[in-house]
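Residue numbers (the working numbering), protein chains in the order written: chain C, 10 to 263; chain Z, 355 to 733.
Any given hint might turn out to be false.
As the list claims (entries may be wrong) - Derived SDA-like pairs (lysine to any residue); straight-line CA-CA distance at most 20 Å: (1) K232(C) with R212(C); (2) K586(Z) with T114(C); (3) K106(C) with D146(C); (4) K126(C) with F359(Z); (5) K143(C) with E209(C); (6) K676(Z) with I648(Z); (7) K124(C) with E138(C); (8) K586(Z) with H237(C); (9) K71(C) with P644(Z); (10) K676(Z) with P644(Z); (11) K586(Z) with E138(C); (12) K131(C) with V511(Z); (13) K586(Z) with Q142(C); (14) K184(C) with I210(C); (15) K71(C) with V511(Z); (16) K71(C) with M571(Z); (17) K676(Z) with L404(Z); (18) K153(C) with G198(C); (19) K705(Z) with Q142(C); (20) K36(C) with H237(C); (21) K71(C) with F507(Z); (22) K586(Z) with D146(C); (23) K153(C) with E209(C); (24) K124(C) with E598(Z); (25) K586(Z) with N97(C); (26) K106(C) with E147(C); (27) K586(Z) with Q136(C); (28) K705(Z) with L692(Z); (29) K184(C) with H167(C); (30) K586(Z) with H113(C); (31) K586(Z) with G198(C); (32) K71(C) with G34(C).
No lab work stands behind these hints, which were simulated from the structure alone.
Take a look at the letters that make up each chain.
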Amino acid sequence: MNAPTPGALTSSLLYLDGVSVSFDGFKAIRGLSLTIEPGEMRAIIGPNGAGKTTMMDIITGKTRPDEGTVMFGGSVDLTRLDEAAIANLGIGRKFQKPTVFDFHTIEDNILLALKSKRSVLKTLFWQTESQQQKRIDEILGIIKLADKRERLAGSLSHGQKQWLEIGMLLAQDPKLLLVDEPAAGMTDGETAQTAVLLKEIARDHSVIVVEHDMGFIRELGVKVTVLHEGSVLAEGPLDQVSANERVVEVYLGR
Amino acid sequence: MITRFLLSNMDRRGFVFLALIAAIGLLVPLANLLLPAGSPFHVSTATMSLWGKYLCYALLAISLDLVWGYCGILSLGHGAFFALGGYAMGMYLMRQIGSRGVYGNPVLPDFMVFLNWGELPWYWYGFSSFPFAMLMVLVVPGLLAFVFGWFAFRSRVTGVYLSIITQALTYALLLAFFRNDMGFGGNNGLTDFKDILGFNVQAQGTRAALFAMTCVMLISGFLIARGIVSSKLGKVVIAIRDAESRTRFLGYRVDRFKLFVFTVSACMAGVAGALYVPQVGIINPSEFAPANSIETVIWVAVGGRGSLVGAALGAVVVNWAKTVFTSGFMAPYWLFALGALFVFVTLFMPKGILGTAQGWWESRKRPAPVPAPEPAPAE
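Construct all of the structure, not just a fragment, from the sequences and the given hints.
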């Protein structure tokens, strides 16, 4: 779906090469290389401190790498842009802890995320068009919160907040979605529903999922990248990766 | 588009507020001018000017609520914008004195003659024109807020650090305006005003007109602020208050939105200051005192942060109480009362007078309210 733009250096949607970053001498990421193809869904696992969240921070512009290349859509250098510019390019992010706007209604949360011009004047004189309203209703249906649309997001349960945030990502309609531990703190039923939701999204978006829950990753059934001490330790289908001795040693702790 | 922008999403409380201010703006000047002094409904000129002052404070409170209550920027220097607007008005009024000053100099205000200045400084040019002075009432505070905000918000200075530098800003201006060679009258400030637009400032009719004008500006300020907070931009601004980095990851340029509301708010504070000066009859550097800005924060907190009507209400209630307390035997205890009020409101009425009253009213109507999220901590 995402044809490489003219002048593209690579056909990958996201291309990280030799990325390193250190905080006060601690190398959080060392020589990380990773490519995500258009339309791909990728799961990233790794023990605590493996650099998963730092990697997301680098991709979304929160952290600047000390060295290395981060390219989006083949030609855009993400290390030169700030968070808002990167978000507007089409990279959405869901945080580990669900972050929704507690004092807005569920519907307004979706409206704020809805893909649109983000300038001051455009938002000041904003009128929601019927097509946009339809899209909001559609998303509310997908995340099963349509009947609670008038409620404040702060009154939702943890699992519902996670879905609302996924709904906000859908509204943003990004080319690439970064999802940090979507199943954390969910019941088994909610986890299964979240997996269905993510698979649904992955049909027309590229998705990177960071997750600890092995059962959840098995349900997703996608290629897995194992991070360890800031670089890639193994990559491949889950069965192959979990048979890898090094992975078993560092991650599964046996 | 503009009408819809200003009037859409107006709630009942907003209409009640507008109707009330419109009624006061009409009836108080009439009661002052037309009714004989013996009538029980007569409003004395002094009382009218006093309430005019309160209403200027109400506009200042609305402007602060716009940045603090809605955007989470706790400005401890909003008094600076108020005072700058006041000085712009004061400069116009000084130029209107003409040769009627003590020294009779047709161009130079008295304090400049006293300081042996030969000619008018360049930054006083144009202030003899009312439209120019009114433009400056908006431009000077607005420009200062824009430049200040540009650097502060782009560098992502937030929370208590931002509050401290806004406080430093107003303190720096206080010191600067105290200096005689700044050309703003030093610690005496600007006073002895004679005319505004050809009418005697002291005259009863002028006072009544100024009062009515204050009501008009309060209504306009309320409508503009209301339009902003109920637009999608208002939702973005609240989102910034509650989860700044989330808003940034949605693709909104947080610094620009903050800059917009901060600048609009500063202009509004400037207008409040400009209306305040002719009614009080003086503007001096003490208006820049950090304590003034902090008091404004208290008004907003008392009335109800995050509610424009609440902010205005808080300003009027606290200042009315201040008048009552500081004029009788309780005068020495006013600051204690103010401090106690702030502590009381913070502890027991975190949503202010209006928020608490509303919560009480709703809980009466509906016994089982939907659990509301915890209020965001004041930044």
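Each hint tested on the structure:
1. K232(C) with R212(C): 15 Å, holds
2. K586(Z) with T114(C): 13 Å, holds
3. K106(C) with D146(C): 25 Å, violated
4. K126(C) with F359(Z): 18 Å, holds
5. K143(C) with E209(C): Holds, because 19 Å separates the two Cα atoms, which is no more than 20 Å.
6. K676(Z) with I648(Z): 15 Å, holds
7. K124(C) with E138(C): 12 Å, holds
8. K586(Z) with H237(C): Not satisfied, since the Cα-Cα distance of roughly 43 Å exceeds 20 Å.
9. K71(C) with P644(Z): 35 Å, violated
10. K676(Z) with P644(Z): Given pair K676(Z), P644(Z) holds - Cα atoms ~18 Å apart, limit 20 Å.
11. K586(Z) with E138(C): Cα-Cα ~13 Å, so holds.
12. K131(C) with V511(Z): 25 Å, violated
13. K586(Z) with Q142(C): Holds, at about 14 Å.
14. K184(C) with I210(C): 11 Å, holds
15. K71(C) with V511(Z): 16 Å, holds
16. K71(C) with M571(Z): 43 Å, violated
17. K676(Z) with L404(Z): 12 Å, holds
18. K153(C) with G198(C): The given pair, whose Cα atoms are some 14 Å apart, holds under the 20 Å limit.
19. K705(Z) with Q142(C): 32 Å, violated
20. K36(C) with H237(C): Holds. K36(C) to H237(C) sits at ~12 Å (cutoff 20 Å).
21. K71(C) with F507(Z): Roughly 16 Å separates the two Cα atoms, so the pair holds.
22. K586(Z) with D146(C): It holds: about 18 Å lies between the C-alpha atoms, which stays within 20 Å.
23. K153(C) with E209(C): At roughly 14 Å apart (the allowed maximum being 20 Å), E209(C) and K153(C) satisfy the hint.
24. K124(C) with E598(Z): 18 Å, holds
25. K586(Z) with N97(C): It holds: about 18 Å lies between the C-alpha atoms, which stays within 20 Å.
26. K106(C) with E147(C): 25 Å, violated
27. K586(Z) with Q136(C): Distance ~8 Å between K586(Z) and Q136(C) Cα, so the pair holds.
28. K705(Z) with L692(Z): 17 Å, holds
29. K184(C) with H167(C): Outside the cut-off at roughly 26 Å; violated.
30. K586(Z) with H113(C): 11 Å, holds
31. K586(Z) with G198(C): Violated: K586(Z) and G198(C) sit about 36 Å apart, past 20 Å.
32. K71(C) with G34(C): 19 Å, holds
In this structure, the earlier hints numbered 3, 8, 9, 12, 16, 19, 26, 29 and 31 are contradicted, and the remaining ones agree with it.
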